[in-house]
Structures are given as structure tokens and as C-alpha cells.
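Chemist: Chains as they are written, first to last, in the numbering used here: chain A, 106 to 419; chain B, 6 to 261.
It should be emphasised that the hints constitute simulated quantities derived from the structure, not laboratory data.
A hint or two may mislead.
[Said to hold, decoys possible] DSSO-like cross-link-like pairs, simulated, lysine-lysine; straight-line CA separation at most 27 Å:
1. 213(A) / 174(B)
2. 254(B) / 120(A)
3. 174(B) / 176(A)
4. 232(A) / 213(A)
5. 92(B) / 245(A)
6. 174(B) / 254(B)
[Claimed, not checked] Chain A is nowhere near these chain B residues, computed Cβ spacing over 10 Å in every case:
7. 16
8. 60
9. 100
10. 101
11. 102
12. 103
13. 105
14. 106
15. 127
16. 145
17. 186
18. 235
19. 236
20. 240
Glycine included, C-beta positions come from ideal geometry on N, C-alpha and C.
Residue-level listing of the chains:
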Amino acid sequence: MSNIISIQNLTKTYKSGFQALKGVSLDIQRGEIFALLGPNGAGKTTLIGIVCGIVNPSSGTVLADGHDVVKDFRAARAKIGLVPQELSTDAFETVWATVNHSRGLFGKPKDVVFVEKVLRELSLWDKRNAKIMTLSGGMKRRVMIAKALSHEPEILFLDEPSAGVDVELRRDMWAMVRGLQQRGVTIILTTHYIEEAEEMADRIGVINKGALIVVEEKQALMAKLGKKQLKLHLKTPLAAIPAALGGEPLELVADGNTLVYTFDAQSEETGIAALLRRLGEHGIDFKELQSSQSSLEEIFVNLVREQAATGAGT
Amino acid sequence: MSGLNWFAVRAIYHFEMARTFRTLVQSIASPVLSTSLYFVVFGAAIGSRMGSIDGISYGAFIIPGLVMLSLLSESISNASFGIYMPKWSGTIYELLSAPVSFVEVALGYVGAAASKSVMLGVLMLITARLFVPYEIAHPLWMALFLVLTAVTFSLFGFIIGIWADGFEKLQIIPLMIVTPLTFLGGSFYSISMLPPFWQTVTLFNPVVYLVSGFRWSFYGVADVGIATSVGMTLLFLLLCLGTIWWIFKTGYRLRS
């Protein structure tokens with residue numbers, strides 16, 4: 106798969122001296138959904154801002170479909186649509202006028218059929234003559250998406266698309282994003298809702314303190330960094346883990362009522378059978394057992410914590 | 006994509022003009038009314054009791070100055086408000102991420118602001134004719150000055166709109182600098198009526214050249230030569246263009 110965005114050694118230091126990006130290199134593959142995760146202030150919005158032309162880079166290069174975003178900005182920006190995090194709209198304009206304005210701004214001739222299609226897909230057609238200030242927050246978010254799609258971009262940036270939207274709209278948006286991907290649009294989204302990245306993304310990038318910590322296929326990331334756990338709900342509570350089982354990765358929780366066994370998700374030999382045998386030998390009986398895999402959120406939190414602990418990227 | 010993004014110029018222009026027509030009372034009727042009051046008070050009422058200047062009745066003499074006063078303030082106000090509003094509301098992100106250079110942005114915003122100012126200028130001239138009889142000796146020069154001034158001061162307003170980071174700053178230069186310069190720039194009098202020292206000082210006021218040139222196009226009399234007036238106006242226009250080029254090159258107050 107070819108790269109549609111190629112970022113090389115990108116740095117950004119603001120006038121205040123704050124270094125928002127520290128030599129970020131990242132390739133986004135054509136047609137994928139890429140989720141960029143990171144805590145507040147990690148550099149996500151700065152990175153998006155540079156690719157889209159809102160922020161000046163300090164050094165490094167960004168190519169959008171082969172076009173340098175600084176030297177060949179017209180060709181590069183024409184490929185990109187941006188839905189920013191803030192709900193910034195022309196309050197006094199109608200939906201129809203503002204979406205058509207966006208299309209013109211990006212150098213496309215008027216196309217009422219296409220704009221109607223975009224508005225219908227986003228359930229905005231009935232509101233086309235409404236002034237934006239009369240719309241709900243969720244509808245305003247749809248308008249911003251419609252504006253970003255109005256010039257038929259090949260790359261779509263969604264900066265925190267689910268911020269402040271209800272569950273129904275979030276689900277609609279996920280369906281829309283999948284539809285766009287099927288049409289060949291590359292989508293890069295940043296989100297605080299890890300569930301969203303887990304649901305949507307093909308690949309995940311985690312950024313913290315201006316540095317990319319990891320870029321990985323979602324499934325591979327979850328398999329590599331995720332942990333599996335087996336929970337055994339005991340018939341009789343234990344005061345402590347028997348000394349003979351001290352070598353096992355066991356933890357006693359819930360007032361001694363539950364034993365938690367953590368094992369390598371990728372290993373063929375989980376050690377569960379041996380553990381159960383040894384528990385039986387020590388007279389530890391259980392009424393129920395349950396296995397679980399760590400979520401992307403847990404992986405994300407662990408990654409950020411580990412980086413903070415090692416001081417990497419500072 | 007190569008060359009200018011004319012679709013973007015048209016989109017910005019239409020967007021700004023739509024705003025003007027949506028707020029017709031505030032944009033057109035209000036400045037026409039306030040200038041008409043000047044014509045009534047200084048032209049028809051007080052003007053009839055005052056002597057002529059350079060052989061022109063006082064009512065007719067002040068028409069070019071009054072039109073220029075409105076033209077300057079409206080051009081600045083239209084253009085500064087036009088670019089400041091997207092900054093204030095946050096919609097500037099779209100302009101910055103669009104495939105446009107400073108040329109398209111300036112053409113769109115300044116073109117719309119200047120168009121509106123020219124419309125206002127023409128409306129004011131028509132309104133003035135209702136109160137004060139006057140003639141235009143050089144209509145083509147008059148049109149040239151009208152357009153040149155509208156464009157130049159719309160460019161200046163555009164710079165103010167980018168520079169301003171609050172509504173107060175948006176108003177401060179038009180109110181504290183441009184209005185006094187216009188009142189002291191010979192709008193209501195000929196600078197030859199001033200003592201020699203103040204005549205020299207007044208020549209440092211750029212508005213003198215605009216008013217003088219504009220008045221010459223009406224009555225064929227001027228405080229300074231017509232070539233100097235045109236030259237000074239063009240110089241200010243080039244200064245504004247250079248500043249806007251620099252703003253977009255560096256991202257001053259636009260890109261972080």
C-alpha cells in the first residue's frame with residue numbers, strides 16, 4: 106500500500122519556547138483509517154495543523170500525496186479536508202451557503218448535485234436553509250464535516266470528531282467514516298475516546314510529549330502490548346496466596362475472593378492448565394472462571410505511563 | 006493546481022457581499038443617512054451663510070471631503086471586520102487550510118470591501134445632489150480616485166483586521182487616527198486657509214492628497230498637484246500590499 110502522507114523529522118517549537126513536536130516521522134497509508142492517540146498537549150493538533158497549513162513547521166517535511174505542504178501548498182491542501190475540534194461555524198449563514206462557500210474556497214466549481222448528496226448523507230438536507238446558529242451542537246458538527254467533504258478530499262482529518270456528540274451521532278459518524286474509507290478516502294482521526302479508535306482504526310499511533318511512541322497495526326498492537334487475564338472466583342476466600350504458588354503471576358483481589366492470573370496473549374503455552382492443576386493440588390477450588398483481554402485504553406495508558414517513567418521524549 | 010484559485014476569490018467575494026446585503030441597514034443605509042446629515046447641516050443650513058472657497062460654494066466644497074471621510078472609514082471598517090470575524094469565530098482555520106495564497110484572500114476580502122465602499126460613495130454623491138448643487142469636472146478621474154481610495158483603505162482595513170486581537174483594537178485606529186486625519190486633512194477647508202507652518206505640517210497627512218485629488222476631479226481646484234495626489238495614493242497602496250504580502254509570508258497573527 107502506498108503512502109498518501111509522508112512526514113519526516115517534523116519539529117515545531119512555538120515562540121514561547123514550548124517544543125510541541127520533536128522530530129516526528131510518520132507515514133499514512135492510502136485508504137487507511139489511522140487513529141492518533143495522545144494525552145492533552147501531546148502534539149496531536151499541532152501535527153494536524155502543520156499538515157493542513159494552519160501551523161508553520163520549525164523543520165522537517167510533510168508530503169501530501171507527493172506534494173510538499175509548504176512549497177507546493179496549493180496542490181497539497183486541495184487534497185485535504187479538515188474537521189477541527191472546536192465547533193467554529195459561520196453562525197449567521199445558512200447550511201447551504203456555508204458548504205458551497207467551502208467548496209469554492211478549495212478551488213472547486215459549483216456543483217449543487219454533489220453538495221446535495223453530501224448534505225443528504227449527513228442528514229442535513231432538511232436543514233439546508235437553516236441558519237447555523239439555530240442548529241444543535243451535533244448538527245453543527247455535521248455541518249463542519251459537510252464543509253470538509255464539500256471539495257471531495259482524498260485525505261480527511263477528524264480532530265476529536267466525537268467531542269460533545271451523543272451516542273447516536275457518534276455511531277452515525279463511524280458509519281460515515283467507514284463509507285468514506287470504502288470510497289478510497291484516507292482518514293486520520295485523533296480522539297480521546299479510545300473506544301472510537303478501537304472500533305474504527307486500521308492502525309494506531311500514540312504520541313506523547315511531542316514524540317511518537319508507537320505506530321502499529323491495531324490488531325498487532327493489541328496482541329503485542331495487550332495482556333490476557335484469567336479471573337478465578339473462589340469458593341472460599343483466601344487470606345494470602347500460598348507460598349508454593351509464589352512463582353506464578355497471580356494476584357489476590359476482591360477481599361481474597363478472586364485470583365487473577367496474567368499471561369502472555371501471544372504465547373502458545375498459556376500455563377493455564379498447569380495452574381489449574383496446581384490450585385487443585387493445594388485444595389483451592391473455584392466456582393467460576395473468566396478470561397479477558399486488555400483494552401486499547403489500558404494499552405494506551407500503560408504506554409504513556411511507561412514513557413513518563415522512563416522520561417523518553419523529554 | 007497552478008495559477009490563481011479564482012473559485013476561492015469568488016467564494017470569498019460572494020460570502021462578504023452576502024453579509025453586506027444581509028445587513029443592509031447597518032451596511033448601507035446607516036452611513037448614507039449619517040453623511041446626509043452632514044450635507045443638510047454643513048451644506049444646506051450653515052453652508053448657505055458661509056462664503057465660497059476658491060470660488061466654490063461651501064456646501065459644494067465639502068462634498069468631496071465628506072464622501073472621502075465616509076469612504077475611508079467604511080473601507081477600513083468593512084475590510085477589517087471581514088477578516089477579523091473569521092479570526093474571532095475560529096472559522097479562519099478554513100481559510101488557512103485552503104489552497105489559497107495572500108493574493109486570493111486579499112482579492113476576495115478587499116475586493117468585496119472596496120465594492121461596498123464604491124457603492125456607498127456613489128449613493129452618497131447621489132444623495133448630496135438632493136441637498137447641494139454640484140458638478141463633476143473630471144468624471145473619470147473622480148471614478149479613479151473613488152476606486153483607488155476604496156481599494157487602498159480596504160487594504161489598510163484588512164491589515165488592521167489581522168493585527169487586531171479584540172474589538173477595541175479593531176476600532177482604535179479608525180477612531181483615533183483615521184478620523185482625526187480626515188477632519189484635519191482639508192475635508193471641510195482648504196489648507197491654503199491655514200497659517201504657513203500648519204500648511205507644511207498638514208502635508209505630512211496622507212489624507213490631504215486624497216481629499217485634494219478628489220476635490221480636483223470635481224471642481225478643477227486642488228491644494229496639491231493632481232500627480233502628487235495620485236502618486237501618494239499609489240505609494241500608500243503599495244505599502245499596504247507589501248504589508249499584506251509579508252503577513253501571509255510569515256503568518257503574522259494568523260499561523261502559529
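Chemist: Compare the structure with each hint and give your call.
Modeler: Do the hints match the structure? See the list:
The straight-line distance between the Cα atoms of residue 213(A) and residue 174(B) is roughly 35 Å, outside the 27 Å bound, and the hint therefore fails. Our distance criterion of 27 Å between C-alpha atoms is met by residue 254(B) and residue 120(A), whose separation comes to about 17 Å. With a C-alpha separation of about 34 Å, the suggested pairing of residue 174(B) with residue 176(A) is violated against the 27 Å cut-off. Pair hint residue 232(A) plus residue 213(A) holds up; C-alpha atoms about 23 Å apart against a cutoff of 27 Å.
A threshold of 27 Å between alpha carbons decides the hint, and for residue 92(B) with residue 245(A) the separation of about 18 Å falls inside it, so the pair holds. For the suggested pair residue 174(B) and residue 254(B), the alpha carbons sit about 23 Å apart, so the restraint of at most 27 Å is met. Separation of residue 16(B) from chain A is inadequate, the least Cβ-Cβ distance of about 3 Å not exceeding the 10 Å criterion. No beta-carbon of chain A comes within 10 Å of the beta-carbon of residue 60(B); the shortest separation is about 50 Å.
With a closest Cβ-Cβ approach of about 7 Å to chain A, residue 100(B) is found to fall inside the 10 Å limit, against its non-interface label. Listed as outside the interface, residue 101(B) is inconsistent with that label: its C-beta sits roughly 5 Å from the nearest C-beta of chain A, within the 10 Å cut-off. Residue placement check: residue 102(B) does not keep its beta carbon more than 10 Å from all beta carbons of chain A (closest about 4 Å). The Cβ of residue 103(B) does not lie farther than 10 Å from every Cβ of chain A; its closest approach is about 4 Å, which violates its non-interface assignment.
Not every CB of chain A is more than 10 Å from the CB of residue 105(B) (nearest about 7 Å), against its label as outside the interface. Distance check on residue 106(B): its Cβ comes as close as 8 Å (rounded) to a Cβ of chain A, failing to clear the 10 Å threshold; non-interface status is violated. Once the 10 Å rule is applied to beta carbons, residue 127(B) is consistent with being away from chain A; the minimum gap is 27 Å. Look at residue 145(B): its CB is around 34 Å from the nearest CB on chain A, clear of 10 Å, so calling it non-interface holds up.
With a minimum CB-CB distance of about 33 Å to chain A, residue 186(B) clears the 10 Å threshold, and the non-interface call stands. Every beta carbon of chain A lies more than 10 Å from that of residue 235(B), the smallest distance being close to 35 Å; the non-interface claim holds. The claim that residue 236(B) is not at the interface with chain A holds, since no C-beta of that chain comes within 10 Å of its own (minimum 35 Å). For residue 240(B), the shortest C-beta to C-beta distance to chain A comes to about 31 Å, beyond the 10 Å cut-off, and the non-interface label holds.
Hint violations for this structure: numbers 1, 3, 7, 9, 10, 11, 12, 13 and 14, all remaining hints satisfied.
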